[in-house]
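If you read the protein sequences in the order shown, they are chains F and L.
The first sequence begins at 308 in the numbering used here and counts up one residue at a time.
The second sequence begins at 97 in the numbering used here and counts up one residue at a time.
One should not assume that every hint holds.
[To be verified] Derived DSBU-like pairs (lysine-lysine); straight-line CA-CA distance at most 35 Å:
{"#": "1", "chain 1": "F", "residue 1": "Lys941", "chain 2": "L", "residue 2": "Lys116"}
{"#": "2", "chain 1": "L", "residue 1": "Lys116", "chain 2": "F", "residue 2": "Lys716"}
{"#": "3", "chain 1": "F", "residue 1": "Lys916", "chain 2": "L", "residue 2": "Lys116"}
{"#": "4", "chain 1": "F", "residue 1": "Lys491", "chain 2": "F", "residue 2": "Lys853"}
{"#": "5", "chain 1": "L", "residue 1": "Lys219", "chain 2": "F", "residue 2": "Lys957"}
{"#": "6", "chain 1": "F", "residue 1": "Lys899", "chain 2": "L", "residue 2": "Lys166"}
{"#": "7", "chain 1": "F", "residue 1": "Lys941", "chain 2": "F", "residue 2": "Lys603"}
{"#": "8", "chain 1": "L", "residue 1": "Lys219", "chain 2": "F", "residue 2": "Lys464"}
{"#": "9", "chain 1": "F", "residue 1": "Lys896", "chain 2": "L", "residue 2": "Lys166"}
{"#": "10", "chain 1": "L", "residue 1": "Lys116", "chain 2": "F", "residue 2": "Lys501"}
I should point out that these hints are in silico values taken from the structure, not numbers from a laboratory.
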Amino acid sequence: MERPLISRRELLKNAAGLTVGLGLVISLPVPHIEGVPRTDGLVLQTFVRVFQDNRIEIVVAKSEMGQGVSSSLALLIADEMDADWELVSVRLEAELAAYKDPNGWGGTAGSTSVRTQFKRLRKVGANVRALLLSAASQQFGIPHQDLRAERSYVFDKNGQRLASFGELCAFAAHIPLPTAVSLKSPEQWTLIGKDTASKGSRAKAEGRVSYGIDTRLPGMLYAAVRQPRVFGARIANAAELQDKIAAPYRLLQKDQTLFVVGPSYWQAQNLIQALPVRYDVPNVVRESQQDLIEAKLMAAVRREGGISVSKAGDGKGALGLCEQTLEAEYFGPLLAHHTMEPMNGTAWVDAQHCEFWLPTQDGESSLALIAQTLERAPDTVQVHITAMGGGFGRRIEIDYVEQLIFVAKNIGVPVQLIWSRPEDTQHDFYRPAFAAKLKGGLSGQELRVWSGKNAGPSIAKRKRPSLELDRSSVEGFAETPYDIAHFEAEHEDLELGVPLGYWRSVGLSQNLFFTESFLDEIAFAAGRDPLALRLSLLKGKPRLQKLLERLREVSQWETSPDRQRMGMALLEGFGSLAAMAAKVSVVDKRLKVEQLWCVVDCGLVVHPKGAEAQVQGGALFGLAAALNGKITVKDGQIEQAYFSDLPFLKLADSPRVEVVFMPSDAAMGGLGEVAVPLAAPAVCNAIFRATGQRIRRLPIRDFSFPS
Amino acid sequence: MTEVNFTVDSSGARYAGDEKKPLLWVLREDLGQTQTKFGCGAGLCGACSVYVDDKLVRSCVLPISTVQNKVVRTISGLDDELGQRLKAAWERFEVAQCGYCQPGFILASHRLLSQTPPGQSLKWESISNLCRCATYERMRRAIEAVHAERPSP
């Protein structure tokens, strides 16, 4: 193992005297100094700084958008360090090239942060603890094995307190890293799996968190953005626009996007909105209508053919042999992400600066794009990933970063680019609209055949046009957790002329609505309880069986007086298992979702408080979309603009959510998305049971309910 | 050009400029106070909520001319007993996820509790703010806890 090096940036900071009281910086063999990323050495995605006053700062190099990585990743290090969690502060930062996981992607998505960094970050913590213990060993002349660390202090074998981590760090900075460091066993954990408090709750309640849009720089200007409302439209009167904007405001144009830059965002936004822009609209785009989009998708699922994505037994061929068959068609609309903090970014680009403050889920691609566009070496570009007001997959896209680079380069002073809410709504990368047709075959009460075809546009093909099958289009559709003798799934890829992107829980967000609704239809056709039918199809899958048994208990599935108003759904995805039951009522023709129960098996629960928050929030995020979410297209443009066009779930409409974890020894799964897809089928299945009305297209608000 | 004198969280403030500029942007751009958030610009989401005197307003649609000689209270100045209790409950229940909308929610909760005598049931529909992380479950627990611990008159 190598001596810890201090990164170039730390040296700069120390030289400038900015990091006061710095005792020890554990850092890595820096890839851009070494030339190649290393996998053998101590590669820290995360800095640990131990200060002489015993404070510890842990730097998390993943994007924090509310999913809680600032706590869940930091506590992995802190636990192995035997740090006092109260003394730990977390700083979000990413010197991307240097601290990137050599085996992974630098971005933040797919419910992957904790499960992919679990071992790596614990090793970081274990190395720091070993280093501090070895410093104590040498300083006090006591063998290493007779020392132990607890809550940021080192003790001897008699329990005598010798020194704090802070007191040891000056010495520790000059000794080599110990080799062959071992990790704690689970029973030694003090923070992992415990009721560890989340970092930042107080700061958020006091409004002290600085999001991307809160970045303030000396002499900073603001840029407002106007993109054509109609997809594919072109500005027809660019020459006439220039003299419509008077100093100190400036008009810039990049392709079909206009920017007004000046000292006030509010004023810039007023000016850009008032610009008399005329657009040329291609005819083909004019024909982009919601009913045509839906008709195209429905026609695709009704016709034979498409890619066969999975088959077991005789597949759909076995349908003809069944005593009873049933079929149903489903539709899921386009959806927007609607982060509360609109798209924005801040940059300072001039002869001395190339620095960006970005609320992004993909700092790595942002940095590469900046370096490439500005023709600079990547290590001369600084990217700060700021706290962000929601992500949900929207900030994987770096369209707004591309705009910011252009504006910053042309303006030459610090500038903050902000999208208005209508821009944010109308220029999203939407969750694709999808349709599905499903067929089931029964022998007596047994489900023997399952066949389905779904159709919708690919997200990944935008960047990889040659891709044959976009797995995200069929996740949760090509496979189900159930043991069905004859199974077949087909898929047809269709272009809809609308920009598409990754929306929290991606393909499962629509596919689980299709499959879990249809399984419910089968249960009722077969005269079976939906939960009992699922259990019968999960033979040999004890984790899933236990999960359903637990759901049965917590929701009082069979004993509740309200059981005729309850529905459920089950999901296997993101490496986790989850099930949800929902209870609804219809009073005065008004649907109310009264309660959700979620049972989750994600293996080890690293940070129970954060995990519960993710499942609660995910369930309600999914419910908000199921009840109200839709984006529609008319004349080639998105019809919705403000929140008033999209009634969201509010506090008064929000059901109670009860979350139960079933820790298991299984490999760790993700949690940020797992509850999202369950809400639509669980609630629609409950609505069917309560009212007899089967909802096969979302959102639910498009339906009316008799009392 | 209009001159407006007002108070923000017990400090005096003066603005000179377009009288139609919304309070939100005066706070964020002219006074450098970013604790009050921009969410929609149309008074719909409540991220920009502040008190003006004792009235809760959506500052993104409130012209600055209307706060002449008035007292603006943002999340930073919400430090009466109820405000402190709410912030403490928000921390204890770990309500926030991304946190962006939370100052607006705390202000709206402050008004709801101010208008609800101890022991009476809470009118949740009076809070029309939006939270996209959907932190509603914990938010309700936090508000209920603060409501329950208030002394009876």
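Hints breached by this structure: Of the numbered hints, 3, 6, 8, 9 and 10 do not hold.
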